[in-house]
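Construct the entire structure; sequences and hints are all you get.
Protein chains in written order, with the numbering used here: chain A, 1 to 484; chain B, 1 to 95; chain C, 1 to 478.
One thing to keep in mind: the hints can contain errors.
[To be verified] Sample of chain C residues facing chain A (criterion: CB under 7 Å; computed from the structure):
hint	residue
1	LEU42
2	ARG78
3	PRO84
4	LYS88
5	GLN91
6	GLY112
7	ASP269
8	PHE273
It should be emphasised that the hints constitute simulated quantities derived from the structure, not laboratory data.
Glycine included, each C-beta is placed from N, C-alpha and C at the ideal position.
Take a look at the letters that make up each chain.
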Amino acid sequence: MHDKTLAEQAALLASGDLSSSDLVEHYLQRIEQHNEALNAYLAIDADAARQAASAADEQRKTGNAGPLTGVPIAHKDIFCTSSMPTTCGSRMLQNFVSPYEAAVVQNMRTAGMVTLGKANMDEFAMGSSNENSFYGPVANPWQTDRVPGGSSGGSAAIVAARLASAATGTDTGGSIRQPAAFCGITGIKPTYGRVSRYGMIAFASSLDQGGPMAQTAEDCALLLQAMAGHDLRDSTCSPAAVPDFSAELNADLKGLRIGVPQEYFAEGLDDGVAARVNEALAVLEGEGAILKPISLPNQGLCIPAYYIIAPAEASSNLSRFDGVRFGHRCENPQDIDDLYTRSRGEGFGPEVKRRILIGAYALSAGYYDAYYKKAQQVRQLVSDDFSNAFAEVDVIAGPTTPTTAFARGAKSDDPVAMYLNDLFTVSANLSGLPALSAPCGFAEGLPVGLQLCAPANQESRLLNVAHRYQSVTDWHRQIPANFA
Amino acid sequence: MSLTPDDIEKIAHLARLGIDKDALEPLAADLSTMLDLVEQLQAVDTEGVEPMAHPANATLLLRDDVVTESDQREALQAPAPATQDGYFLVPRVIE
Amino acid sequence: MTWETVIGLEIHAQLATRSKIFSAASTDFGAAPNTQASAVDLGLPGVLPVVNREVVRMAVRFALATDASITRRSVFARKNYFYPDLPKGYQISQMAFPIVGEGHINITLPDGQQKGIGLTRAHLEEDAGKSVHDLFEGMTGIDLNRAGTPLLEIVSEPDMRSATEAVAYARYMHSLVRYIDICDGNMQEGSFRCDANVSVRPAGSDTLGTRTEIKNLNSFRFLERAIDFEVERQIDILEDGGKVIQETRLYDADRDETRSMRSKEEANDYRYFPDPDLPPLVIDEAFIDAVRETMPELPVARRTRFIDELDIPAADAQALCADRQIADYFEAVFEGRKFAPKLAANWVLGELFARLNKEDVDLADAPVSATLLGDLIARVDDGTLSGKLGKQVFDALWGGEQDVDAVIEARGLKQITDTGAIEAMIDEVIAANPSQLAEYRAGKEKLLSFFVGAVMKASKGKANPAQLNQMLRDKLKA
Chain A
1 MHDKTLAEQA ALLASGDLSS SDLVEHYLQR IEQHNEALNA YLAIDADAAR QAASAADEQR
61 KTGNAGPLTG VPIAHKDIFC TSSMPTTCGS RMLQNFVSPY EAAVVQNMRT AGMVTLGKAN
121 MDEFAMGSSN ENSFYGPVAN PWQTDRVPGG SSGGSAAIVA ARLASAATGT DTGGSIRQPA
181 AFCGITGIKP TYGRVSRYGM IAFASSLDQG GPMAQTAEDC ALLLQAMAGH DLRDSTCSPA
241 AVPDFSAELN ADLKGLRIGV PQEYFAEGLD DGVAARVNEA LAVLEGEGAI LKPISLPNQG
301 LCIPAYYIIA PAEASSNLSR FDGVRFGHRC ENPQDIDDLY TRSRGEGFGP EVKRRILIGA
361 YALSAGYYDA YYKKAQQVRQ LVSDDFSNAF AEVDVIAGPT TPTTAFARGA KSDDPVAMYL
421 NDLFTVSANL SGLPALSAPC GFAEGLPVGL QLCAPANQES RLLNVAHRYQ SVTDWHRQIP
481 ANFA
Chain B
1 MSLTPDDIEK IAHLARLGID KDALEPLAAD LSTMLDLVEQ LQAVDTEGVE PMAHPANATL
61 LLRDDVVTES DQREALQAPA PATQDGYFLV PRVIE
Chain C
1 MTWETVIGLE IHAQLATRSK IFSAASTDFG AAPNTQASAV DLGLPGVLPV VNREVVRMAV
61 RFALATDASI TRRSVFARKN YFYPDLPKGY QISQMAFPIV GEGHINITLP DGQQKGIGLT
121 RAHLEEDAGK SVHDLFEGMT GIDLNRAGTP LLEIVSEPDM RSATEAVAYA RYMHSLVRYI
181 DICDGNMQEG SFRCDANVSV RPAGSDTLGT RTEIKNLNSF RFLERAIDFE VERQIDILED
241 GGKVIQETRL YDADRDETRS MRSKEEANDY RYFPDPDLPP LVIDEAFIDA VRETMPELPV
301 ARRTRFIDEL DIPAADAQAL CADRQIADYF EAVFEGRKFA PKLAANWVLG ELFARLNKED
361 VDLADAPVSA TLLGDLIARV DDGTLSGKLG KQVFDALWGG EQDVDAVIEA RGLKQITDTG
421 AIEAMIDEVI AANPSQLAEY RAGKEKLLSF FVGAVMKASK GKANPAQLNQ MLRDKLKA
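Spelled out as structure tokens, the structure:
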């Protein structure tokens with residue numbers, strides 16, 4: 001069953017050839033068998049999953065089922081759940097059970113999906129390797145001494161190892177797309193504001209966006225349909241109408257103009273990755289698309305701008321974790337400052353501390369204009385680059401990451417080397433645009449991701465291009481040998 | 001731009017972040033490297049460029065002035081480390 | 001050397017909304033601790049602020065009432081600091097782009113002079129919670145019911161030159177915010193709070209001295225005393241050759257002094273930046289026009305109208321317009337009546353006010369409605385009642401009577417205007433007092449009041465005084 005895509009499983013559920021209970025039981029067994037090797041799940045609620053599955057089967061009998069009814073999913077542990085703890089990968093929230101549910105969790109449940117458990121992640125979504133989780137690193141199912149990427153590394157490993165039909169992720173600088181690329185799955189970061197951030201623990205509010213991670217673009221279209229939509233509880237959530245994301249999956253690519261940024265194929269790009277991405281572009285050309293070289297002149301400024309804006313917002317967003325109303329509190333605080341300082345010092349890991357400090361510094365008196373304001377201006381320039389490019393092309397394509405998954409420990413002592421993983425992904429967050437990563441082959445046995453980016457609110461176009469690509473390739477069908 | 005352990009202590013206090021004494025030196029080095037990374041922004045000409053605080057051109061939607069939240073103290077205080085008689089407790093704060 | 005005092009005020013007016021500025025929890029005062037604190041007010045992980053439309057409307061009302069500019073694209077910003085009653089570790093406020101820009105008002109000083117005061121800005125922000133220090137042994141209790149209550153912070157230019165002027169300004173603002181229905185003005189409950197920025201400089205100097213900020217001024221009396229104390233303190237320092245330190249000071253009413261808030265002395269770096277959870281607040285003309293249509297006539301315009309169109313003396317008009325309820329009541333008294341509005345003003349400011357003050361009753365709770373008072377004045381105006389009898393009727397209405405004519409009838413208070421009846425009474429009195437009559441006729445005209453009193457007594461106070469006077473003079477002459 002697990003070798004089927006989510007869309008195929010949904011079809012079997014709809015035809016009555018598969019029950020949700022059997023499907024859920026199958027995944028629970030696989031989790032039992034494989035999770036230890038991966039450390040991808042932080043919490044599993046088997047009883048609740050079984051109950052939800054049998055309720056879904058009942059619902060299907062009444063004829064009220066939707067396409068996702070009874071399909072099992074894992075939620076990144078950044079989404080608040082009231083039936084399971086929500087740790088955000090941090091000691092700070094060890095045992096924290098939220099009194100409310102995230103909009104994304106509610107939306108998926110409303111669509112009939114069955115929650116299997118919560119996925120491991122980099123602490124507070126800060127990281128590109130999942131080594132920053134307080135609950136231990138996640139292994140890449142393709143080679144378990146490799147990282148799965150981050151911060152949604154648990155979600156990506158779960159989907160790649162077929163320990164759920166799909167998973168949710170969040171993407172602040174590439175946290176859906178980079179692990180999707182490293183693990184050989186498909187993930188989409190929607191347009192900023194497409195998916196409600198309510199109940200999604202904030203890292204950098206103006207960059208964070210939730211989205212689906214699954215085997216295929218077709219799966220992602222079904223998932224995004226359930227996930228997206230206006231939510232009055234999030235003032236940044238877009239009131240724009242949500243289109244039928246599956247409607248144009250099969251649209252012809254003939255005449256589609258694909259922009260290929262020259263800046264993406266420069267020094268630092270791994271040869272194997274470049275080769276696979278060029279092959280994928282050739283496939284799209286074969287489908288009738290027209291490749292056009294383009295330039296994103298401010299591409300080189302994305303990482304610097306991002307590493308001011310994201311930590312600045314994070315330093316403020318993480319102030320609420322002060323040991324007063326919830327979360328970790330130190331033993332025997334002597335006074336209020338001691339309570340704050342030790343609770344936060346003990347509750348946060350090293351990378352979170354680094355980012356809080358650099359963010360607080362960038363916002364502090366005397367430095368605001370030089371760092372924060374400057375970064376926001378550069379953000380505008382980056383965004384303008386895309387506006388200019390999209391006057392000429394319909395979609396921009398390139399590698400998701402400069403390299404394939406690296407070895408665990410290889411970059412953990414060098415934060416800046418780690419940040420360069422986000423070289424091609426942060427620009428979509430800075431400009432708020434939708435972007436997708438789809439598997440496009442292997443380099444030395446490790447998956448390579450093709451990144452596609454479109455103008456705001458044009459997720460349908462991304463899903464269409466990726467689906468057409470997946471109709472003529474089978475990279476998305478590959479399963480890591482140990483998890484077949 | 002390089003930061004000293006003294007600078008780190010000051011910023012850490014601003015952020016109420018407990019840092020072990022022997023971690024100050026390596027943190028100062030890490031943060032200085034991060035600042036080097038972002039330093040190239042200074043060379044960019046941003047004269048007249050409007051700072052971009054939010055993606056897209058979103059404007060604020062407003063909510064009607066209606067009370068829909070009822071008393072949920074019990075549920076909302078469930079995760080609290082220390083409460084008594086409905087109050088959150090912290091060590092005595094001297095005014 | 002003579003010194004000049006320079007004062008600017010920051011007023012925090014709690015906006016009288018039903019729900020909070022960023023959450024749908026109630027703003028009611030006095031609930032059990034944390035029963036009106038929602039997940040948003042507590043700053044739990046993942047929850048987000050959503051702005052209350054009414055808060056925006058109220059800020060626009062304030063701008064329209066103070067001749068102030070309205071920022072078409074204002075921005076909420078975060079002010080970052082740690083304090084246990086500040087749940088998120090930041091306060092959502094406005095910094096670079098406040099919703100209300102520069103404005104201007106004219107206040108009337110106690111000596112009747114007018115003075116213009118500039119307003120620098122007014123911005124929206126959320127209130128913090130409360131720390132309770134005396135309830136738990138060695139611990140502080142945190143109640144977040146007040147957290148998220150909307151505030152309008154009104155910042156004046158340093159245009160006041162004395163404590164008296166500062167109080168006049170604060171009273172004007174206190175009256176205005178109630179007049180335009182945006183704040184209940186309850187100072188005991190903290191709905192209207194003042195901080196004063198005070199400095200002194202040599203008279204004639206045009207550079208500002210170092211200022212101190214005085215907090216915790218929760219009455220106009222404290223405001224006045226705190227400024228007076230602080231001005232003396234600063235002058236003493238300067239005259240001793242010292243320097244005033246820029247700092248925040250707390251007014252201690254028990255000792256009638258200000259003292260340094262050492263705990264807050266540590267230089268704070270608030271790291272303001274635009275709140276990424278809240279896109280810019282855009283206000284268009286249609287929104288402003290809609291608010292303008294609901295604006296009441298403002299006190300200044302109303303006072304001018306009372307003086308020019310209703311022939312009310314300036315001092316009376318000022319008193320009537322100090323409070324919107326009073327002005328509304330006053331207008332309701334004469335609405336649709338034949339008598340002069342001036343008569344209504346006399347009754348409202350005289351008999352009604354005396355009674356409200358004496359019995360310490362709010363106008364809203366007065367037992368005499370505007371309609372009833374109007375009925376009463378109509379009976380005075382048409383001669384049915386003398387002014388004196390009118391007061392008796394007023395007493396009866398205050399006691400709960402609801403029908404003016406029924407009171408007059410039942411108590412036989414109708415004025416005697418029949419000349420025959422009055423003449424008979426006069427004759428009787430004159431006949432009974434021959435010696436006084438002789439003295440009067442010999443030139444002791446002061447005795448007129450003796451005769452008036454005697455006849456009035458005989459009529460049980462009901463004789464029309466004017467008629468009585470005229471007829472008595474005629475009779476005594478003869």
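For each hint, the structure was consulted:
A distance limit of 7 Å between C-beta atoms decides the matter here; for LEU42/C the minimum to chain A is near 5 Å, and the interface restraint holds. At about 5 Å, the closest approach between the beta carbon of ARG78/C and any beta carbon in chain A falls short of 7 Å, and the interface hint on this residue holds. Contact between PRO84/C and chain A, as hinted, is supported at the beta carbon level, the nearest pair being about 6 Å apart and thus within 7 Å. Interface restraint check for LYS88/C: the shortest CB-CB distance to chain A comes to about 5 Å, inside 7 Å, so the restraint holds.
The closest approach between the C-beta of GLN91/C and any C-beta of chain A is roughly 11 Å, which is over the 7 Å cut-off, so the hint fails. With its C-beta approaching chain A no nearer than about 46 Å, GLY112/C sits outside the 7 Å limit, and its interface hint is violated. At a threshold of 7 Å, the smallest CB-CB gap from ASP269/C to chain A is about 5 Å, leaving the interface hint in force. The restraint placing PHE273/C at the interface with chain A holds, with a minimum CB-CB distance near 5 Å, inside the 7 Å limit.
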